[in-house]
Amino acid sequence: METPGFLEPFKGRWTKRHLLDLESLSSDEITLLLDVAQAFKESTNNCRTKLSVLTGRTSVNLFFEDSTRTRTSFSLASRRLGADVIEFSASSSSLSKGETLLDTAKTIQSMCIDTLVCRHKAPGTPQMLAENLDCGVINAGDGPHEHPTQGLLDILTIRQHRGDLAGKTVALVGDIAHSRTARSNIWGLQKLGAHVIVCGPSTLVSRRWEEFGVEVSHDLDSILERCDVLNLLRIQFERQYTRPFPSVREYALLYAMDRKRMQRAKSDILIMAPGPINRGVEITPEVADGEHSVILHQVNNGLAVRMAAMWLLNEGRATT
Amino acid sequence: MLRTLIQNGRVIDPSQNIDRVTNLLIEEGRIAAIDVPADGSAHVIDATGKLVVPGLIDLHVQIREPGFEEDETIESAAYAALAGGFTSIAAISETNPPVDSAAAVTYLGRQASEADHCNVYPVACVSSGRHGEEMAEIGILHNAGAIAFSDGQRPVSNPELLRRALEYTLMFGRPVLNRPEMVELSRDGVMHDGSISTVLGLAPMPAEAEDVMAARDIRICEATGGKLHLLAISCSGTVEILRRAKDRGVGVSASICAYQFALTDEAMRGFDTSLKLNPPLRSQDHIDACIAGLNDGTIDVIASGHAPRSSEKKMCAITEAPFGMVGLETALGLVGTHLVKSGKVDWPTIVRAMSTNAAKVLGIEKGTLQAGADADVTIIDPDLAWKVDTSAYRSKSFNCPFQGVTLTGRAVETIVGGITKFRYDGT
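Taken in order, these protein sequences are the chains called B and X. In terms of the numbering used here, the first sequence is numbered consecutively and its last residue is 322. In terms of the numbering used here, the second sequence is numbered consecutively and its last residue is 433.
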């Protein structure tokens, strides 16, 4: 396995075994991940070229929740790097026979795998696996805790369109309470010098975020003119017992990004959404598909970010 | 005549306001006298540098037999209790079938008797089947040997049921032990509601869930004149509500679990399922309020909150894991380390909370070194540093987050009815 020249400058710089969150990463580590992702994009025909840097390596996608873009993106990223990929479905596994999660993971690991990509509805599950397994673990979303590669791809998208993050104002709008994307964005953006605002109904946006240097707002209209980026998060009805606002209609009236609000926003505002998007709830169709929207760029960047994460973790393991 | 002289120990007996270095004589299973000199006629236990206290009493031990013997049996719990310095435990039903029949109470007593470790006092259900709907046959359960009534970790949510139970138990002079938690406010919660839960994305258990229920329970207690004990309190608001109630003379008491003093909610960052507890680990301000409440007598009792769960039940995602940690074998070490060694609470207060007051709440003739009392005595080495090793546990379960942690203070000899039932030999 020969390392392509464009990756040579990044060799030996990653020292962690796992990618579990952005909270524990330094700004240098986040920048390294972004730089490697950018290098993949620029040097592999927007990640179309198949490489052989991970030939002989195996990654397993251990997904306990439904997923379209993340799972596909991780699979494709591994394959683009030459690794073998195993797709694991919780419903057809021995978990349905009563085996514990950890025993299932250990069983899979004993088949000589190198990287485990885990999504689970419970916060901390990837961390628990990382503490008990020898392979590298990537968190592909653990409940409302973190989704580091989503955070990275959001930040990469902003960096591509607006350059350096320092001094930029990024608002995360919507269901912050239940959003893993929000948490990864908060840590990643702040570490790179951005000012982060979380905005939404008081039942979904806790004032406690102020303790972590985040601005909290419940009034989108009052912050709109200051924002360089709006990242519109989905309302996660499936994680709520009692509805945190009176009606979807009222939510849309107060927080949906629509044409009228776009007219009052900065002329170069960037509209983002981690998806899946609820058209008409957090974003109207004309904004989702409008000229300021980079939603599909985000998806595209996901592939580069996951290739970067996969390569760095495997390359790091090879050198440590 | 069987005579044992415990010599040169610091005898602490809050029931008699005794705290001095002296000798304690045991004869025929009972306390004979204190301050007696050695005359060579008794077996001598040298307690120099150690504390000699009334046997510790744990009023909050989850018993898992029958139904969940993979977690704990009555025998293993009673043995673990001895290793932790407890001479008596109140066995609260977390069983299936629940302890809501005379047969179940009798079974508990028989298993404890066969085990022949510490004293085991059955606590029977408040409600039939622990369903929280109909009152259990409290009179029959009392006659069978139940000393208190509790639905365990399941709070009595129905205020009418609680009112009736407090009124009815008055006839027997027995307490209702209730866990104050408004479950609608803590549903699916995993940890304390605070900054850390916000960051981790773990569903919160707000302090208000306890405060509001405690206030309700206390008001009902006040109205009925019943004997209410609030199990496992943890919040500053509850302490304040209790303090005011006690000032008014309400017949309410409360206990706290020893683990509450050892860790804050910050520890949840490790997503360790053995730290998934109910009540959860709280923030430092709540802990400080509870320590103040302990020192001024607002909180009466420190319990272990022993909640054994077999390893396989905890080897899962944190949201799916059951609540609880084992506590019998670490409770004394935790308070010794985090309350006494740190200078926040003195040993007499600890002994009052872990023995004298627990006996009062349960209405049992224990928790004293008065002449004529049962010779249940715990000898504590307050300075002994020891490392928690779950592989040496007497409990059947190892769901303990303190594995490998060094604690200061532990029971080195546990005497029940004048007989040494446990002696610490370093393991």
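Treat the hints as calculated values from the structure; they're not laboratory data. In this text, a Cβ means the ideal position worked out from N, Cα and C, and glycines have one as well. Don't take every hint at face value.
[What the hints assert, rightly or not] Here are some of the chain B residues that sit facing chain X, going by a computed Cβ distance under 7 angstroms:
| hint | residue |
| --- | --- |
| 1 | Gly100 |
| 2 | Thr102 |
| 3 | Leu103 |
| 4 | Leu104 |
| 5 | Thr106 |
| 6 | Pro125 |
| 7 | Gly126 |
| 8 | Gln129 |
| 9 | Met130 |
| 10 | His147 |
| 11 | Glu213 |
[Unchecked claim] Computed list of chain X residues with no C-beta within reach of chain B, every gap over 12 angstroms:
| hint | residue |
| --- | --- |
| 12 | Arg26 |
| 13 | Arg36 |
| 14 | Phe178 |
| 15 | Glu214 |
| 16 | Asp278 |
Results of checking the hints against the structure:
Taken as an interface hint, glycine 100(B) does not check out: its beta carbon lies about 10 angstroms from the nearest beta carbon of chain X, beyond 7 angstroms. Residue-level restraint check for threonine 102(B) holds (minimum Cβ-Cβ distance to chain X is 5 angstroms; threshold 7 angstroms). A hinted interface residue such as leucine 103(B) counts as satisfied when its beta carbon comes closer than 7 angstroms to some beta carbon of chain X; here the least separation is about 6 angstroms, so the hint holds. Residue-level restraint check for leucine 104(B) holds (minimum Cβ-Cβ distance to chain X is 5 angstroms; threshold 7 angstroms).
For the restraint placing threonine 106(B) at the interface with chain X, the shortest Cβ-Cβ distance is roughly 11 angstroms, beyond the 7 angstroms limit, so the hint is violated. Hint status for proline 125(B) relative to chain X: holds, with the closest Cβ pair at about 5 angstroms, below 7 angstroms. Interface hint at glycine 126(B): satisfied, since its Cβ lies 3 angstroms from the closest Cβ of chain X, which is below the 7 angstroms cut-off. About 5 angstroms separates the beta-carbon of glutamine 129(B) from the nearest beta-carbon of chain X, less than 7 angstroms, and the hint is met.
Against a cut-off of 7 angstroms between C-beta atoms, the interface hint on methionine 130(B) holds, since the closest Cβ of chain X lies about 6 angstroms away. Given hint, histidine 147(B) at the interface with chain X, holds; its Cβ is 4 angstroms from that chain's nearest Cβ, closer than 7 angstroms. Checking glutamate 213(B) against chain X by beta carbon gives a least distance of about 5 angstroms; that is within 7 angstroms, so the hint holds. At roughly 49 angstroms, the least C-beta separation between arginine 26(X) and chain B is larger than 12 angstroms, which holds for a residue marked as non-interface.
No beta-carbon of chain B comes within 12 angstroms of the beta-carbon of arginine 36(X); the shortest separation is about 50 angstroms. Against chain B, the non-interface label of phenylalanine 178(X) holds: every CB pair exceeds 12 angstroms, the least being about 39 angstroms. Look at glutamate 214(X): its CB is around 15 angstroms from the nearest CB on chain B, clear of 12 angstroms, so calling it non-interface holds up. Not every CB of chain B is more than 12 angstroms from the CB of aspartate 278(X) (nearest about 8 angstroms), against its label as outside the interface.
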